[in-house]
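So you can see what is in the structure, the chains are spelled out below.
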Amino acid sequence: MNKLTVALLTTIAISLPQVASAADKAGMEKKDSYRFVIIPKVVHPWFDLVNDGAKQAAAVIEAQTGSKVKIDYSAPQQADVVQQNQIVESSISTRPDGIAIDLLDASGNRASLEEAIDQGIQVTVFDSVPPEGMKLTSIGNDFCEQAEIASHRLAELLGEKGEVAIMMGVPTAPNHAIRAECHKKVFESYPNMKVVATGIDNDSIETAQKQAAAIMQANPNLKGWVACDAAGPIGIGQAIQEAGKVGEVKMVGLDNLPEMLQLIRDGVADSSSSTKPQMQGYWAVMAMWQQSIGIETPKYLDTGIAVLTKDNIGE
Amino acid sequence: MAFLEVEDLTRDYPGVRALSEVSLKLELGRVHILAGENGAGKSTLVKLVTGTENPSGGRILIDGQDAKLNPDLHRFVAYVPQELNLFPHLTVSENLFLPFSRSSLSGRLVNRRQMNRDAQSYLDRFAISAKPGELVRDISVPEQQLLQIARASVNADMKVLILDEPTSSLTSTEIERVLGIIKAFRDQNHAIVFISHKIDEVLAIGDDYTVLRNGSKVADGQIADIDEAGLIRAMSGEDIAASKHFQPDIPDEQSPQVPILEVSGLSGTMFNDVSFALRPGEILGFAGLLGAGRSEVMQTIFGYLKAKSGSVKLNGTPIPLGKTSQSVQSGLLYLSEERKLHGILPQSSLRENIGISILDQISNWTGIDLASERQKVRDVVKAYDIKAAGISQQMSHLSGGNQQKAIIGRAMATRPKVLIFDEPTKGIDVRTKTEIYKIMKRLAEEGVGIILVSSEMDELRKCSNRIITMYSGKVTGCFDSSTTKNETLLGAMFGSEANPDAA
Amino acid sequence: MQPNPFLSVLRNPLVGVFIALLVIFVISAVASPYFLTSYNMSVVARSLAFVGLITIGQSMLMMLGELDLSLGVIGGLCGVVSGMLMINLGLNPWVALLACLLLGAALGCFNGLMVTVLKLHSLVLTIGTAGVFGGANLVLTKGVAITNIPKEIQFLGRGDLFGVPMPFVVMLIVLIIASFVIMKTPFGRYIYAIGDNTPAARMLGIKVDTVRVLVFTIAGMLAALAGLLMVTRLGTAQPSIGETWVLPPIAASVIGGVATTGGVGTPLGAILGAAIIGVIENIIVLFGVSPYWQGVVSGFIVVLAISFDSISRRYIRGDR
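Residue numbers (my numbering), protein chains in the order written: chain X, 537 to 851; chain L, -3 to 499; chain S, 521 to 840.
Each hint should be verified, as a subset may be incorrect.
Stated by the list, open to error - List time: in silico EDC-like cross-link candidates among lysine to aspartate or glutamate, alpha-carbon distance up to 20 Å: (1) Lys319/L - Glu672/S; (2) Lys704/S - Asp365/L; (3) Lys671/S - Asp806/X; (4) Lys671/S - Glu651/X; (5) Lys727/S - Glu23/L; (6) Lys302/L - Asp729/S; (7) Lys671/S - Glu668/X.
Stated by the list, open to error - Beta-carbon label-pair distances, calculated as ranges: (8) Gly217/L - Phe700/S: 54 to 60 Å; (9) Leu609/S - Glu832/X: 40 to 46 Å; (10) Arg370/L - Gly679/S: 40 to 46 Å; (11) Trp614/S - Asn81/L: 56 to 62 Å; (12) Val550/S - Asn81/L: 46 to 52 Å; (13) Gln798/X - Thr780/S: 41 to 47 Å.
Worth flagging that the hints you see were computed from the coordinates, not collected in a lab. Source: prediction; values computed, not measured. Just so it is clear, CB atoms sit at the ideal spot from N, CA and C, and this is done for glycine as well.
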């Protein structure tokens, strides 16, 4: 092993907390360059939008301060905690100024995150909840609120009655589970509405399409759909179109992938209750930047929910 | 002028020179005999001439052009290998015409009916009784061997036909048919290369000959100028008395002994109610046609195939049937006719191939003692005169005869009580044959029970004290080999009810 | 004839893989200053450990001419069962680990028995049993991870021994034992013999079926071991453990010189193959390769590595 490198690393590791503790000097030192790592759950178009926001933030910092900012975007090929941890650990090796991660599973990621902190690397969490007891800044929206907006809107569309179905995402993903739970609670609050089926799409458009088609076959009286991830509504939309039930079966989607927007334009989906991935990416970088110059960042940054309809998404 | 000419051809393998500066001329309209012991370099020469391997030195001229510069020339050469290499799950006609581009059936789609019609004319010519649409796995072994020859001749460009032991699994009538086919090709102005260990066939059909020994050419000339003894001398480099006897001498007066192996009422796939006894000190021969059920009987005794009923006693104690591990443990060993399929571990080394059966002798709590394994294997290699580049040579690189000797040596290293040889000299040269006969004789005299299954009447008569004949799954007789006439034996092999005389 | 010692070293099939690994190592070290840091090495070693345990089992099966596609899910299932035993039933963690090792062995043994007794094709059978075991995992957990694995066993996944990550130490010990069994015991020789020529092995009186069932059992147990170490590493029993442990061990074994048809190869070679894959996964992140290009880049390096081995075999060893 390279002794010099080890010595160097140790020096950095020891000196970093000292810089942070010198609160009076916080934010006063200028660095010429920063490198931040963004680790999404999996290779997925939603995260490309996050990456776009992150790059925008980098450009903004560069324009305002003149310091170079580099964003490294490293996605697991499969939505697997083990693989994501490997990426976190390999990223730690490259000594970045900060890591922003969308946790696949807070408890399963915990060991790797702790390792990053031990190695003196700042960690910010986006689109997910940090592991219990770890004081990390998290950026995101209220998943329950996002789901509630969608299911209330569907109830309104259906006149507060009829059979509906929920497409759950990845059963092991906490944010998907939260959304599913909140959808259920909303529908329970309407006495004339009934959840007749739940599908699992594992965040895959193809699976969502197959599941939705089968569920609609089995439940001819089904009137409406909500989903718990970004892939779900796109698959449901395709299934509705294929079954010739556009208009007959209503859907309120989730998030703002291009296909989702197209479904709204085509009238297959009424609307979408969307997170703001670009904003999450933007503020994740901003938070990491602030942390790396020694500024304390808030515990939680809420990026809010947008309701996308034909009227506000443009052509 | 010779159609195919080989000049100073050399081929090196890691650590071995398999072929050394061999020259040879093949002329159209003549049958050229390629003779030599196992491992003499015949197969290597064939591989180079057919273009499956490239020479390390020398050159091959086909139709006057260098084959190295124009590999396409190899299409003039058709080759029928010794081992069956047909596609068992395809039909007879598909096997005949694959690859389709080579035959006149080329085109995008395969017209099955047209193909079967074309196939029938080939089948008629080779007197193959199988239907074009039958699957190859369902037709008999001799028919498969004939089909292989027919397949080679489908090649429209064929000028040279190489046949490697084409008669090894055939009975005498089928052999006549093959020799007839060869003559027909010769008369149609093809050059034939004929490789066989059966001296009588060679002398009957050959025009020219080339003898290889240890990778070099040691003799060539015209068959008319040489006789059996001369050919054997050229191949082996020494005189071998062709008609020696190898029956073990049975110690007389001790006849009412317990048999080493006693089989009673054994039935299984392809055979019924087989009973016999193997006496101490004798070699017991089994004669019969292909498919008479001899191998099946032996494999069932050994436990490789399942028995339907009956029992087997070894030295008076019954052994459980259906478990090879039990048989091996009690000292009953079977050496299969199918060396490649049932005998060797092709990708493993010679050391591992022999070592595998003596592992319990050479391992202790620290595992296998590699040094003592090497020593024991070297002893076997020496005792059975196995020729190899070293004990780490890969088994599949050894010649057939040396593989066979290694298998026998391996079996002997376990000190068995009974050894069953199934066609032990199939595809093996004259000298090695004699060595194997000597080994069998020695073992029998040392008290090991020997059963010899063979299709060669000559071999059975030379080696065994008694011969049991089988016909379609039944024992048809038991004969004293020194006092029984050939006709009696043949009659029993062909199913005529003979009186089990003088057993 | 005495072979040239230098040539005979080069003829060892492990040499090609080793050189390929070395080349990738050197290139990585030159191209990235982070690659050879002790921290990064321990990252690579630890991730190699888990896949490595599966690879050892899978390579032994492949040497036998068999394949078990359910090893990954066996690891996952044993992991979550251990979590349930420890947390939901409050069993002593060590007892739970042992029980789950035995569970893995039993599941592997089940595969082996089905293959030998019913004469099923192992590839097809284990696709089926992978579905069953994976399904059982979801039935038990409903897809939710089991948290709060006791601290006293977490050192198995997180700790280190003289700076070497614990899982890697475990994997090394298993590798040494496996190599000893394969090269120095009759059992190992029987594996090669059966993989090389099953009918011949039966003719030799080797208890073919017993050996096959045993190897399936060992592979199942090693899969369980990998799953359990992963549980102690994560501190939670994740239902998704093992999902990515199916193809890489097979690829690693082939890269390391184990034939899918059986009879050749060593667990050491397979581990070297796994190391090649592991290093590639690591440097792809170190170099910041775009996730969309990762498949292309890692696939290309694997193809290069095996071509290198094949070419060296042809020219140095003189095979064809």
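Outcome of the hint check:
1. Lys319/L - Glu672/S: Since the Cα atoms of Lys319/L and Glu672/S sit roughly 49 Å apart, the hinted pair is violated (cutoff 20 Å).
2. Lys704/S - Asp365/L: 8 Å, holds
3. Lys671/S - Asp806/X: 50 Å, violated
4. Lys671/S - Glu651/X: Holds, at roughly 16 Å.
5. Lys727/S - Glu23/L: 54 Å, violated
6. Lys302/L - Asp729/S: Measuring from Cα to Cα gives roughly 16 Å; hence the hint holds.
7. Lys671/S - Glu668/X: With Cα atoms ~16 Å apart, Lys671/S and Glu668/X stay inside 20 Å; holds.
8. Gly217/L - Phe700/S: 54 to 60 Å: Check passed, 59 Å falls within 54 to 60 Å.
9. Leu609/S - Glu832/X: 40 to 46 Å: Since the Cβ atoms of Leu609/S and Glu832/X sit about 43 Å apart, the hinted range of 40 to 46 Å holds.
10. Arg370/L - Gly679/S: 40 to 46 Å: 43 Å, holds
11. Trp614/S - Asn81/L: 56 to 62 Å: Given a distance of about 57 Å, which is inside 56 to 62 Å, the answer is holds.
12. Val550/S - Asn81/L: 46 to 52 Å: 50 Å, holds
13. Gln798/X - Thr780/S: 41 to 47 Å: About 45 Å separates the Cβ atoms of Gln798/X and Thr780/S, which means 41 to 47 Å holds.
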